[in-house]
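Protein chains in written order, with this note's numbering: chain A, 1 to 248; chain B, 1 to 258.
Treat the hints loosely; a few may be bogus.
[Unchecked claim] Which residues of chain B face chain A? A few of them, derived with a C-beta cut under 7 angstroms, are: (1) I48; (2) R77; (3) M142.
In case anyone wonders, no lab produced these hints; they're calculated from the structure. Think of the CB as a built atom: it goes at the ideal place given N, C-alpha and C, for glycine as much as any other residue.
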Amino acid sequence: MVVTNMLFHLGRYVSLLRDSISRPEKFSMYYKETMRQMDAIGVGSVFIVLLISVFIGMVTAVQFADQLGDSFVPSYYIGYIVRDITIIEMAPTITCLVLAGKVGSNLAAEIGGMRQKEHIDAMEIMGVNTAAYLILPKIIAAVFVIPMLVAISAFVSIIGGYLSTVVPGTISHTEYVLGLRSFFVPRYVFMMFVKAAVFAFLLTSISCYMGYHVKGGSIELGEASTSAVVVSDVLILVFDFLIALVLT
Amino acid sequence: MIRTENLEKSFGENHVLKGVSTEFYSGKPNLIIGSSGAGKTVLLKLLIGLFEPSEGKVYYDDTDLFSLDDEALRQVRMKVGMLFQGNALFDSMSVGENIRFPMDMFTNKTLAEKEKRVDECLEMVNMEGINDRYPSEVSGGMQKRVGIARAMVLEPKYLFCDEPNSGLDPKTSILIDELICDLTNTNNITTVINTHDMNSVMGIGDNIVLLKDGNLAWQGDKTQVLESDSEVLQDFIFASPFLRRLREDALKTRHAHD
């Protein structure tokens, strides 16, 4: 029963994605909608991303500094560890998990609300390919701006690590910067952007799918919104592991 | 003209429409009536193509709606206007933007041309000057008119109205009916209206299709309603004792005149 249900949703999800990738009725309308979504998803999420990122960096640095204690590991390793853990894991994964909650629930509620108020039916009758008009701009916008948010997150996390260790005097400015510049592997940055793009695609497409097929009233809309976040989060973690397997 | 041929629709075990064959004529309001659960909304959604029939066909003039590919279906739909029960106006857009949306999507008109057409459509429904207001800032009756203006903006050949009078007072309902009737006659549109409103039936019912339990129970026009001996029709239209008495009085008066 569970497998049948999963296969049903997978088939319907793939079918919706196929419908969403089609020639736009009018390019300018899709362009305008994509720009609007970039603003909503990107600019609208900057504050929360900055907030979580600075704390992630601060906590990572403080915890690692504590574990180093009086060991023989050089203290400049704090900068090195904060940099790598941020780029490889924290910035893409934590940022996208948070965005699944903020952006994902919002998209599911927006499209679900349109379904319930017959806006989608109205567009269908006008001849609009609603799967394409309502979903494609959101996916394009997210895949474009979320990697930027992740890059900002990585940068701010590293600053957070600096603030929590250099400012109180745990290590010196020179040691932290030396750590940041040591053992740098450019492939990790590539991995960060791959993760960000894949997670962005997952969280937007799944949330749109949940909203697009919502049936019933406000309770069902709430459930669709919750499912969008839960399923996106689970799949982000699964794909995090798969990308790690493939790219390391 | 729209024609249905042995139209059936089931949802699982629930057989909602059981073979409806009927015609909806151009240039006159066609009303679908029937009690709740009779299959009116399902029939309307089948006519528009929002549902696919389990059996049977829907013809727009001579075109079988469900044999069309996606692109051809989109072309047909661009000739369709629809007024929804809840209006389905986009909340985040102003009245003007709502009406302009189909033109933005499907035409290459300049902004000035589109604005001119928006003004024409608002004038058509006697709602001039509310372009910049949002749907939440206008009354239910005004929202209906804006919905009609949006439905008319691409000059449709077919107009569908789902419960256009729901939630409106009797006077506004009559105004909306007259407006739909005028637009239908003036533009020679095939208009299909799904309604419960008896004022509409007796006022603009040039072709009335009565459904009962998913079957076509009666078809005729408003002039035939009073004298028809169809029990299903009389039970539905003159459901209350007051209306039944009114009908008897009307018939007596008519026979006395004859």
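Flag every earlier hint the structure violates by its number, smallest first. Of the numbered hints, just 3 does not hold.
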